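> All chains should be built: construct the whole structure from the sequences, respecting the hints.
With full-length UniProt numbering, letter number 86 in the sequence shown gets 86, and the count goes up by one each step, no holes.
These are calculated hints, taken from the structure and not from any lab test. No experiment lies behind these values; they were computed from the predicted model shown. Just so you know, not all the hints are guaranteed correct.
As the list claims (entries may be wrong) - Subject to a maximum C-alpha distance of 20 Å in a straight line, what follows is the list of computed DMTMM-like cross-link-like pairs (lysine to aspartate or glutamate):
(1) K168 x D134
(2) K18 x E46
(3) K168 x D194
(4) K140 x E121
(5) K140 x D84
(6) K223 x D84
(7) K138 x E121
(8) K86 x E121
Said to hold, decoys possible - The calculated label-pair distances, taken between Cβ atoms and stated as ranges, are:
(9) G69 x G114: 13 to 21 Å
(10) T228 x V73: 28 to 36 Å
(11) S169 x G69: 44 to 52 Å
The C-beta atom is built at its ideal place from N, Cα and C for all residues, glycine as well.
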Amino acid sequence: GICLTYENQSVMKRQDTKWQAGRDVWWQDVVTNFPTKCDVEWVDAEDPLFLLYTSGSTGKPKGVMHTSGGYMVYTATTFKYAFDYKPTDIYWCTADCGWITGHSYVTYGPLLNGAAVLVFEGTPNYPDAGRCWDIVDKYKVSIFYTAPTLVRSLMRDGNEYVTRYSRKSLRVLGSVGEPINPSAWRWFYNVVGDSKCPISDTWWQTETGGFMMTPLPGAWPQKPGSATFPFFGVQVNTIYL
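Below you can see the structure in the form of structure tokens.
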């Protein structure tokens, strides 16, 4: 691929972008200079894959190192089962790739399963609060994974922005990032999912790299506001400090 720095930026002929001579280059002019084949670089299972910092919501951000083998096996497995992934699915996670959700469930988990991933550039409520469902209809999104903050924001804007789109391609919904309150869960299920799309209410952390608790669509019972049961191999305990 093309490695770009702040000194050398790629520009697409799409918008009236301010051009800086000596710094900017046209994508179409330079992409042909690079090979289309990328040889696999073999690494050991315990070799470092990436370092990512925690959000800092419970203290000073901490650097977390994930290794190659275990992380990729776990994200691939949790993605497949928590979303009931099928090869025909179109998957959309609204998370930023810079956070752990974007690493695990925009990039590694879906791509390790060979999934078709929709990546959206921009804000999800522009030009209006129906933007998400317009995209869902346009690209036939079948799995939609987002945060309770966005769900609550769209809920406040009213049902009409949702119901003017069919959303008939949707079959699984997901929630991530914080606990989803029961009223937002019910709106997500009843209005967005037309009371037919199970919600994978996922609980996990930057430190775990993948889901710790989540219902499995169609297999485990759901409860508004609850991540329900632990994923395969996970033992959950409550510790009082």
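> Can the suggested window of 13 to 21 Å be confirmed for the beta-carbon pair G69 and G114?
holds, 19 Å
> Check whether the Cα positions of K168 and D194 lie no farther apart than 20 Å.
holds, 9 Å
> Please work out if K223 and D84 have their alpha carbons no farther apart than 20 Å.
Given pair K223, D84 holds - Cα atoms ~18 Å apart, limit 20 Å.
> Quickly compare the C-alpha distance for K18 and E46 to 20 Å and report which way the hint goes.
Violated: K18 and E46 sit about 44 Å apart, past 20 Å.
> Decide if the proposed pair is consistent with the structure: K140 and E121, CA atoms, cutoff 20 Å inclusive.
Within the cut-off at roughly 17 Å; holds.
> Take the C-beta atom of T228 and the C-beta atom of V73, compute their distance, and say whether it sits inside 28 to 36 Å.
Violated, at about 23 Å.
> Holds or violated: K140 with D84, Cα cutoff 20 Å?
holds, 17 Å
> Against the 20 Å threshold, does the CA-CA distance of K168 and D134 hold or violate the hint?
holds, 12 Å
> Are the Cα positions of K138 and E121 separated by 20 Å at most?
Measuring from Cα to Cα gives roughly 15 Å; hence the hint holds.
> What's the verdict on K86 and E121, does the C-alpha distance respect the 20 Å limit or exceed it?
violated, 25 Å
> Taking 44 to 52 Å as the hint, is the beta-carbon distance of S169 and G69 inside that range?
For S169 and G69 the Cβ distance comes to about 34 Å; the hint is violated.
When each numbered hint is compared with the structure, violations occur for hints 2, 8, 10, 11.
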